[in-house]
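First to last, the sequence lines map onto chains A and B. Residue numbering for the first sequence follows our numbering, starting at 12 and increasing by one per position. Residue numbering for the second sequence follows our numbering, starting at -6 and increasing by one per position.
Keep in mind the hints are simulated off the structure, nothing from the lab. In this text the structure is predicted, and so the values were computed from the model without any measurement. Positions of the beta carbon are idealized from the N, C-alpha and C atoms, including for glycine. Fair warning: there could be bad hints in the mix.
Pairs of lysine to any residue residues, derived as SDA-like cross-links and limited to a Cα-Cα distance of at most 25 angstroms, are as follows [said to hold, decoys possible]: (1) LYS135/A x VAL68/A; (2) LYS128/A x ILE262/B; (3) LYS31/A x PHE206/A; (4) LYS229/B x GLN26/A.
Not close to chain B: a few residues of chain A, all C-beta gaps over 12 angstroms, as computed [claimed, not checked]: (5) THR55; (6) LEU78; (7) THR82; (8) VAL83; (9) LEU89; (10) THR90; (11) SER92; (12) THR94; (13) ARG97; (14) GLY105; (15) ARG109; (16) VAL209; (17) PHE215.
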Amino acid sequence: MQASAAIAEDSEWGQAEIGKLGLWLFLVSEVMLFGAFFASYLSTRLGNADCALGVTVWPEAGHLPGLVMATVNTLILLTSSYTMVRAISGAERGDRGRFRTNLLATIFLGAAFLVVKTFEYRLKISHGYYPGSELAKANNGLSIFLSYYFLMTSLHGLHVVAGLVWNLVVLAAPPELPAEKLALKAEYAGLYWHFVDVVWVFLFPLFYLV
Amino acid sequence: MTKLIKALAAGIGSFAVLYKLLLGGLGEQGASVVAYLAALPAFLLLVGGWDALRSYAAGHEPEELHGAARYFGYNVDHKAVGVQYIAAALLVFVVSGTWALVMRLELSHHGIQFLTPELYTTMMTLHGIGMVVVALIATAGGIGNFIVPLQVGARDMAFPRLNALSFWLLPPAVLLLLATPLMGGLDFGWTAYASLSTQGSTPGKQLFLLAFVTVGFSSIFSGVNFVATTLAMRAKGLTWGRIPVFTWSILATAIIQLLGTSVVAASLIMVLFDRMLHTTFFDPNLGGTVLLYQHLFWFYSHPAVYIMILPAFGAILEILPVFCRKPLFGYRLSAGAFIAIVVLSFVVWAHHMFTSGMWAVLKLPFMVNTELISIPTGVVFLAALGTLWRSKIRMDAPMVWALAMILNFLIGGLTGIPLADAPTDLHMHDTWFVVAHFHFTIMGGAVFGFFAAFTYWYPKITGRKLNEALSKTQAFLMFTGFNGTFIPMFWLGTLGMRRHVVDFPEWMDPVQLFISCAAVLIASSAALFLYNVLSSLKKGEEAGRNPWEALTLEWTAPSPPPHGNFERAPVVTAGPYEFGV
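Model the full structure from these sequences, guided by the hints.
Pasting the structure below:
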């Protein structure tokens, strides 16, 4: 984001701060989006276990196919956060080589995450683990678990795609762009990328371990 | 203008073509979603989003537009965006008002006159969601966009390109809503409760959900913009204790938009998944729960009524000191009350669900929380009455509107108490009593507040005053028509007249006919308003910079303000309401 030049002449807020403020505010609404999904998932799960209706037996997520791929994916995303930090520090020091290499690595890891995710979806679907399958229709716990699983992982996947596009835009910044502007653009993209990672850090235990 | 027509043609054309192409493979549901997801970005990029992106990437200032393009193009100037919002709101107001008038015609007599029950339900749903959009955008989006940067002494919003995007997301949403009757109609009311909304395969329902999510995006972006603008763009000397109360109310509104909107988006996305991808979030047979939808929906949609009413509160408290020539009574308390309303608004949602069969233990805390919210609302009233107390009132048109709003909202607020109390709500729920209460707060409060704000700031927006006599006549007509329409509804509601129903017993005929006649008064008042707005553009009395002799910053700029607003960056040295101090 880029604040307009309309800042009062001696405001204590510079363009960089206003841009960061805007991004954080947007992330607040993102947190509320995923927060709503997490809350729905947890309340459905815990509520069903507690109440008298308790017909729903939740599947042991760790036994569904795809745990290994998801673990690999967790490592991939965490590593990509590390390379993102290195890319930003490269941009801040004016070291374009370090910036480019690490941002490219981040993009590569993000793409790898999506590829692995696709294979994981295919594996699950080939075993009949998807909403609307015969398996899901026969077991209401499995049906609702898979509903939340596909909803939240696919929306997270969309956010990964958005983060990748953002990173690509920063990567394509013209070489004449001054170092501090580049660092700022990298920082914005990094903030978003870290947010996407953090969401996964919550998704992974909730959908694969418990 | 040609750009807009091209973009509209491309958007609608690509939607229609893709829908036809995909219909065979994906079915009506899938085809409508995929076609919309392709048509929306096409429209946005063509209407000017592409130029905005390019100027951003190159680090340039966005281009300034002139002539017709100023209002019909992707303009980043906050004043043009404000006018666009107001014009769009008035357009949707007229369309949705027409639906209401048709419904009233149908309801003038018992039995079915000329609508089918299905058509009546579709119309009721469209009237509801259309007016919700109006109430969400008219004051907060329209007046807020024009006035807030001026009131804080900035040259524009914090993110002008994003601001234009917030507006241009609205036309596609409105088009979608207008298309729903052609694509199977809607039968669920504006709340789109599951499982009515998850069942039945008309693509109209799909379009409704997509439109709702689109408005949500617009709302979130404008929330980001308003918070950043009030936090970071204030002029030198405009300390927290000197921010005009209207800007405070918009800040509070924007916080609700940021925190709440994505939650309702979440629930609508889950409905879309249930409809298209065989998930079972709201299907109790397969592990889902129906009530979850209502919880998520009201978590946003109750605070959303404060998105509608807080800007009206702010505008009223802004107007009263100017026409009473007295400082605002309890400035700090009022600002605090707005923030308290924001906080409390997020812990009252389940009072909409007292009869839903939710966990009974929740009733008491939600009842108490709802009662608590009347304390900050009462503070706003106290500030209004304290300002009026022993003042020398100038009875100009904005003041007439403000006083009408205060009277209406008093009734709206008091009739909310029996609805907040679970024992009485069991009796009142889903009756016309609720309908009347809701209209007294949102129409009597938010819409009258919008008219007050519009009349007050019209000279700043256009450089001319509205015709005073016409404006006061309109206020009188609307006040009479509005009260005549909705006060009898309280009575019918307590007798058990249910909402969403096209027919009623014969003995209600005289009252219903009376209500319909009063509704025609509202319509004629709206027509008078449109005439006044258009004719005053050319013939209105020239206003100059400060026609009302107010003390806030926007009145120091020329009317209408030029690009960049102020000749020199303003410096604030005193509070906004120091009349006669």
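query: Any of the earlier hints contradicted here, and which numbers?
result: The structure breaks only hint 5.
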